[in-house]
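Novice: Sequence:
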Amino acid sequence: MHVVDAPGRLVAVAPAVAVMSTARPARVAAPGVRGTMSPVSADSTAAPDGPGGTPADASPSDVERAALVAALLAAGPDAPTLCSGWTARDLAAHLVMRERRPDAALGMVVPALAGHAESVRAAVLRRPFTALVAVFAAGPPRLSPFAVKALDAAVNTGEHFVHTEDVRRAGPGGAPATDVEPRVLAEQVADALWRTLSGRARLIHRRCPVGVELVTDRGSAVVRRAREGTGTVRVRGDVGEVILHSFGREGVARVELEGAPDDVAAYRGLSRRV
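Using full-length UniProt numbering, the first residue of the sequence shown is number 1, and each one after it goes up by one.
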């Protein structure tokens, strides 16, 4: 996941491996299919296979990758997103760089290499939008750790879900669109999102001045114990909504906050953007 504090400025990004040459034509496969590569033109995209847009044996990450591809193409390159200052084109470039340009990913977290990261990003952004989406739709390269389905599901299901909603729930200028209905999630996706959330929530809430309990349709967990003199805030909602809220998308997440007013106010003041 990334953090953006100004248009076009990348502050952090998840590590990736395997370099993609931007000078070569994109070769893509359907989401979830590793190693089945076929050339496509710069303005075409790979169509997912099977009912519902993904293969029957697709991992949760594959399912959400297909949803993100569909959301990007439906929105178009200039559509705003909930990623501050980013359009759908910027987000597509981030997704490609994250999986296929480890040199640029390193530059996004090492200040001395920031210039290189921006140079690579500029080159990636010059590619046609549909070509960028097609490369992302193909899935991670064979040499990437994300090509291991178990790791891909653990790391990328939440990434893909949150970014899908970054596209779907963005209003004009990137303002939160509160009238967009949540998607009905596949069982395996909802379960995977809970595993992601329960695994990362303690780190996300480590600086929270009050106790925090997450209560979802997939499970509940106390992720921060209350200190003496404070109470606990319960964040209640479907797992997709709670993960959006926990990952800093409070403006669109449909959750209920339960607790004493002072505790809820303290909880709201915590920065959770990841």
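There may be inaccurate statements among the hints.
[To be verified] Taking lysine to any residue and the SDA-like style, the derived pairs with C-alpha atoms no more than 20 Å apart in a straight line are:
(1) Lys149 / Gln188
(2) Lys149 / Arg202
(3) Lys149 / Glu187
(4) Lys149 / Val109
[To be verified] Label pairs and their calculated CB-CB ranges:
(5) His116 / Asp179: 35 to 45 Å
(6) Glu228 / Pro111: 18 to 28 Å
(7) Leu106 / Gly85: 36 to 46 Å
(8) Ala123 / Ser220: 20 to 30 Å
(9) Leu151 / Val222: 41 to 51 Å
(10) Val110 / Val180: 45 to 55 Å
(11) Glu250 / Arg183: 34 to 44 Å
(12) Gly199 / Arg268: 19 to 29 Å
(13) Arg126 / Ser84: 15 to 25 Å
(14) Arg126 / Ala79: 10 to 20 Å
(15) Ala221 / Pro176: 19 to 29 Å
(16) Val110 / Leu203: 29 to 39 Å
(17) Arg225 / Pro172: 17 to 27 Å
(18) Arg272 / Gly85: 28 to 38 Å
Note that these hints are calculated values from the structure, not bench results.
Note that beta-carbon positions come from the ideal geometry of N, C-alpha and C, so glycine has one too.
Novice: List, from low to high, the hint numbers that the structure doesn't satisfy.
Specialist: Hints 2, 4, 6, 7, 8, 9, 10, 11, 16, 17 and 18 are the ones this structure does not satisfy, whereas the remaining hints hold.
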